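**Student:** Residue numbers (the working numbering), protein chains in the order written: chain A, 435 to 732; chain B, 931 to 1244; chain C, 5 to 557; chain D, 536 to 880.
Note that these hints are calculated values from the structure, not bench results.
Keep in mind that this is a model prediction, so the values were computed, not measured.
Where hints are given, some of them may not hold.
In silico EDC-like cross-links for lysine to aspartate or glutamate, where the CA-CA straight-line distance does not exceed 16 Å [stated by the list, open to error]: (1) K492/A - D719/A; (2) K464/A - E568/D; (3) K464/A - D723/A; (4) K1088/B - D305/C; (5) K1088/B - D501/C; (6) K1088/B - E242/C; (7) K162/C - D146/C; (8) K464/A - D719/A; (9) K941/B - D1231/B; (10) K1138/B - D1059/B; (11) K1163/B - D1141/B; (12) K1088/B - D695/A; (13) K941/B - D562/A; (14) K1163/B - E1140/B; (15) K941/B - D570/A; (16) K1088/B - E694/A.
Selected chain B positions facing chain D (in silico; Cβ < 8 Å) [stated by the list, open to error]: (17) E976; (18) A979; (19) L1151; (20) Q1155; (21) R1240.
Virtual Cβ for every residue (Gly too), placed ideally from N, Cα, C.
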Amino acid sequence: MSIVDAPIGATAAVVLPGESRRARFWRRFKRQRAAMVAAGFLIVVALAAIFAPLIAPKDPIEQSLSDSFANPSSDYWLGADRLGRDTLSRLIYGARYSLLAAAQAVAVAVVLGVPLGLLAGFARGWFDSVASLVADAVLSIPAIILALAIVGVLGPNLTNAMIAIGIVYAPRLFRVVRGAAISVREETYIDAARASGVGTLRIARGHVLPNVMSPLIVQISLALGFAVLAEAAVSFLGLGVQPPDASWGVMLGQATAQLEDHPVLVLAPGIAIVLTVLAFNVLGDGLNDSLGREIREA
Amino acid sequence: MLRLAARRLLKVVPLLLLVSVIAFGLLSMVPGDPAVQIAGEFATEEQIAEVRSDLGLDRPWIVQYGDWLGNAIQGDLGTSPFSGVSVSTQIWQRLPTTLSLLGWALALSVLIGIPAGTIAGWRQGSVVDRVLTMGTSVGVAIPVFVSALVLALVVGLKLSWLPATGYVGFSESPVDWARHLFLPAVALALTGAAEIARQTRAGIIQVKNEDYVRTAKASGLMTRQVLGRHTLKNAMIPVVTVVGLQISRLFGLSVLVEQIFNIPGIGSRLVTAVFENDVPYIQGTVLLVGIAIVAVNVAVDVSYGYFNPRVRAA
Amino acid sequence: MKHGRTAKVLVILAALALVAAGCGDSDDGDSADTAAPGTTEVAETTAAETTEGGEATGTTATETTGGEASGERGGTLIWGLGSNGANFFDPHMATNPFGRSWMYPFYDRLTQIDQDGAVQPMLATSWEFAEDASTLTFELRDDVVFHDGTPFDAEAAKANLDRARTQETGAGTFVDLLAVESVEVVGPTTVQLNLSTPASALPAILSDQAGMMISPAAFENPDLATMPVGSGPFVATEFRVDEVMLAEANEDYWDPELPRVDNLELRYILDPTTRLNATASGEIHGGTLDVGQFSRADAEDLGLVLTDRFSTALFQLFLNTERVPALANPAVRRAIAMAVDQEGINTALYNEECAPNDQVFGDGWYPHNPDIDSDYLPFDPEMARQILEEEGATDVEFTAITANIPSFVAQAEALQAQLAEVGVTMNVAPTPIPELISGFLVNRTADAYWTLNPGAPDPAKLVSTVWLPQSPFNPGAYEIPGILELHQQAQAATTEDERATVYHEMAQLLADEQLSIAVCTPASIMAHSADVTNVQLLSTLSDVDVSAIEVQG
Amino acid sequence: MGSTTRSAARSGRPDITTPVLQVDDLAVEFVTEVGWLNVIDGVSFDVRERETLGLIGESGCGKSVTAQAVMGLIATPPGRVTRGSIRLDGRELLDLDEHEMRDVRGRQVAMVFQEPMTSINPAFTVGQQITEILRRHLGLSRRAARERAIDLLARVGIPAPSQRVDDYPHQLSGGMRQRALIAMALSCEPRLLIADEPTTALDVTVQAQVLELLAGLQDELGMSVLLVTHDLGVVAETCDRVVVMYAGEVVETSEATPLFAHPKHPYTAALLECLPGLRVDEALRPIPGLVPPRYSLPPGCLFHPRCRYAVEACAAERPPLSETGVGRCVRCIRAEELELPGVGS
């Protein structure tokens, strides 16, 4: 039977006997080319962030006022900003802050959202109603305003800004995890485990968490995208990364007025943000399809 | 249906209370003391303390909250410490502007998002689907304040097809009102439509594999009926939820868009309030928006009854 | 089938680049532009004008003739203002140093300052000091009526001056009138101020908020803060907070030449990019050009006309000498001043619109000491490092707060880098504007504060705010030797020449002391459409008196 | 459940002129992650006028795919018909474009599915879903369609049809819903009804009622029925002729009675041996091994690894489907020599 390379698209998911969950994930993920490209791009950005000192042509903070707003040239590949700092170097170092910010924010969201969501979904009862109430209340207040208020209270710096964004995103993770936990809780094998005397906590860790993992991983990927965007918004209002360091959001904020005369100053961080967020979203979709539900063959 | 709505409304009361606590509590902790603003740079410590007590800021938190909530229920959200103008009037003056902007943005988002999502979902795997999917991913990825500025600069100023700034009330001239709101609404609708399209696509894909859609096809119904009636109506539940979420998201983003397009809505006043530390205005706005979003969520829940008769009977 | 998706992704990325290429940024970086809530001299963010733009292009609206106004009154004037603030229509209570533009159309003052900086009559036709400088007597006009019908006479003037003298909180007008012991009505149109100490600056100071005349009947009116009741050329009709003040011409204004339009709209547009766009798109007639963001060419490219004027403002780094002991040493401060590349900053950050300046008084203002040029403390990092070593101040470190507005942050970052070159570590902490006053002035928790002082109608006011030991902007209460004597002398000098010589000496003293590190003096620039003429700028930065503006077509 | 085949007792003999449905050498492929997968290969059978043909086989043998192929419901992607022809009253359905096929579906060929709970749209009333089909195919007015819908509900045995017509699906029991689906399918009196496991999801008592209903309507409307099932008991009850499928291929075709009495293909015989109801005295003998998945088929006869009578030659090459008497064919090279035990009546 000839195996013609199948077109991508709505393929019927096939369960090959004897295939481990991980192997099946990789077999499917390899076929999601867009997701692979996105993953590749993110790895490149992460490496650039880690090895910034080696890659960046110049010191991102070093100023030369005579080169203020220098146009892209062999010396300044992407031109220089108002203080004569090399845009490319700042972009590479900026990756550090933007990714670090995203990671911090998502970490806060996970620490806050996941355990509470798991407990609420699994334990139900008063805890669930109270936790859901708080989550709904936080979700009822627009993200940007809440973040601004929290940063206002904690004081403007990168970590506080990311804590704020983490708090704002936590209810979303809470609801995803709670939803998954509730659906798993209904499964018969949970009753079977409980019937055989397995403790609630072990059930939660053993059965509920693995099943919650796949929707959670997808949400985390989307959360990272959200965090990069949120960091840009907060930094744009001057409440994020403190000078002289700069994240992409800060670079964007500082260059807004020069959009007409020096578009590259806005373009560089703008494209970086859009591509990174796009990569996170595409990766999220890819993960979603690869981790998705297995359709038993008819 | 009514019982469902009543039960849902009952659940709303504690939620609103919590929103008000967050709105009041969080914002009253924001540093930067309004009393110093009013007293001026030459005031002495005592004078600042005196102004603070006039504003009632020296009372314990709970008392301030109780007082504020009591008034809020009667529609009085306090006064801005600087201009002495009541917050409620400020919001009331600016509400129609923001509602027009959000109305436009939501309409555009829905009119673009749902059809795009339906086509992408119905023709899953086709080129159209992949283009639309990638388009929505990009749409979601572009920061709103970037698209807003580009629209303002390129379409507004350079091409001057549409006004780059300002707002004209509907009563004054509906045409100008629409023209002034178009660009900011598009800037907002870009991400709004993308989000709705993604959800509609997922909904359509899930529903189109249902047995009853196969039955409809097997009965030889036209695509218009199979897709338009049978599939769409059942796919709408998740979509309506997302549209509900969009309203809260669009308001948050409109704060920046109103600023860029200089539209005198609740949002642009919020930016100046944050910078002026006009806490009563911020608290009033956050409370009002919270109530509006809770109301939207209730409406969304109740709408499930329309889409799913089984819920209606519950 | 094979290449399928990869090719498509690359195509998308390319398309994306095009889309993103169009990407600008969000609204103007410094979305807070000014919104100088509270009283600090957080500038309107406008670093205006070059020095050579000394002369004012607008005509003076002095005396009664009202200059060469052309023909009869007509049309509606819409002007964009970048700042608002607390109680900004009650001149004695308003704490926003950039609120003047909102008040001038509604409140007449006792005196006014023409474009050359000379004090001219307004509600007061003439004034004179007694021989022993113990009193100052004003002769008042007899044909002035407030908007609410109350006639303006000596009683009204006394009521206003007393209110201004006793209002402890708010605009600080009581500091301006410290020298006034009491106010006496000596005639229906004559009022006499009894002075405890000589105060030659009073006539100039009374051209500002301290000299604004409010209708006494409106003193107790609770919404005076939002509905001005003065005797000015315009009468307020409707006010919407943070949005617009609508006004119509005052039909029975005492100066027949004014106002030159039927209706006035003062629009609050915080964001400089939006303001420039609004002017370019014709939504408003004009507004302040934020030179920290846009060059003159930008405005002219958009087909706009520029009216500029020298200003009494100064970009400077205020220091708390108590919190940072090393900064208590004038030599160290001078070394820091020499580490600053004023010319470099001017070109990079102000589009060449902020004249380098080592003394505190801008060029074009009479207290400016011509012998001190911008190279008095030359840009010489080598020498600066040397002095610091001699003074044993090799590890100076402090934190400077500034408004979290991109242009301000960029200026602070420039200083940070230049100071680092000579071994001085200045950390920059962008701070939300409401916390700047409490940070530096009230709780005194900040070491230094980078900002713009908008200037003042009279040098005396500037000195009392910053350089006296008890001045609010001298939190370290640093005592400059001889400053108090010079301040007294200036107050006692009656003619402008005498005052000029005293201030020249003071300028020399302050230039040596560098209690606040002076960088440059911005000029005020208004960008407006061509069909708007007679735009009168004030000496304080980016303040405009729209009373005399005329709109053709 | 009596072992006699119902068909013999029915009134008219099935007309043997041109068959209503002729399926010839049909092959269908599905795209999966491991590439194109051939699901059914070389399926041929006919359904004659007023006849009930049983299409039986274990789950996964491709019988449902065959039924859906006839209805043109194979979505491309992921599926596609690669070979063969499907003729309805002599008209080649595979040549029709989607638009023309829509006029056939529901009008000339109708289908009833296995899951009554999910095969009816929960968001619309039963009446709405029936009138929609009537108006689409017959262009009836709103009122006429409603009357006809009520009449149809009555004929499928739903009590108080004039109220039930405005009920939502969740207000009806499983049996009632299957009756409503049948009403929908038969609303335009189609030439052929394809019933894909119509009673599998119902409990036994309701099962019998539905089968009774189908037989009654078939006589009344002179309709042919293609019954897809894995339940030999149902086949024995209702089918005139039977087609046995195994792993995507037809292995035996025959009249119902002779098939049960003298099965020709070892797989058919083995199936009969599994039937508890039919043999009281002997122990059940399950078929060893599993149905081979389509992506790893054994060489030669697909059943040979599990066939008790398999010999060397069976593994050599694929046996053809050959005629063994009037209207009977079998895909086994040893069919002639083997005497396979049947189920005596």
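**Student:** Hints first: check each against the structure and report whether it holds.
**Tutor:** Here is how each hint holds up against the structure:
A distance of roughly 37 Å separates the Cα atoms of K492/A and D719/A; the hinted pair therefore is violated under the 16 Å criterion. For a cut-off of 16 Å, the pair hint linking K464/A to E568/D stands: about 11 Å separates their Cα positions. Among the hinted pairs, K464/A with D723/A is consistent with the structure: their alpha-carbon atoms are about 11 Å apart, no more than 16 Å. With a C-alpha separation of about 11 Å, the suggested pairing of K1088/B with D305/C holds against the 16 Å cut-off.
With a CA separation close to 52 Å, the supplied pair K1088/B and D501/C exceeds the 16 Å bound. Straight-line distance between C-alpha atoms of K1088/B and E242/C comes to about 34 Å, which puts the hinted pair past the 16 Å bound. Taking the CA atoms of K162/C and D146/C, the gap is about 15 Å. The hint holds against a cut of 16 Å. Note on K464/A and D719/A: the hinted pairing holds, with a Cα-Cα distance of about 13 Å set against a maximum of 16 Å.
A threshold of 16 Å between alpha carbons decides the hint, and for K941/B with D1231/B the separation of about 12 Å falls inside it, so the pair holds. Our distance criterion of 16 Å between C-alpha atoms is met by K1138/B and D1059/B, whose separation comes to about 15 Å. Taken as a hint, the K1163/B and D1141/B pair is honoured in the structure, with Cα atoms around 15 Å apart against an allowance of 16 Å. Proximity of K1088/B to D695/A is assessed by CA-CA distance (about 13 Å); at most 16 Å being required, the pair is judged to hold.
Distance hint between K941/B and D562/A is fulfilled; the C-alpha atoms sit about 14 Å from each other, no more than 16 Å. This hinted pair checks out: K1163/B and E1140/B have alpha carbons roughly 13 Å apart, not beyond 16 Å. Distance check on the hinted pair: K941/B and D570/A sit about 11 Å apart at the alpha-carbon level, within 16 Å; holds. Proposed proximity of K1088/B and E694/A is supported: the alpha carbons are some 10 Å apart, at most 16 Å.
For E976/B, the interface hint is violated, the least distance from its beta-carbon to any beta-carbon of chain D being 70 Å, above 8 Å. Among the interface hints, the one on A979/B is violated; its C-beta lies about 65 Å from the nearest C-beta in chain D, farther than the 8 Å criterion. Interface hint status for L1151/B: upheld, as the beta-carbon distance to the closest one in chain D is roughly 6 Å, under 8 Å. Taken as an interface hint, Q1155/B checks out: its beta carbon lies about 6 Å from the nearest beta carbon of chain D, inside 8 Å.
The interface hint given for R1240/B holds, since its Cβ lies 5 Å from the closest Cβ of chain D, which is under the 8 Å cut-off.
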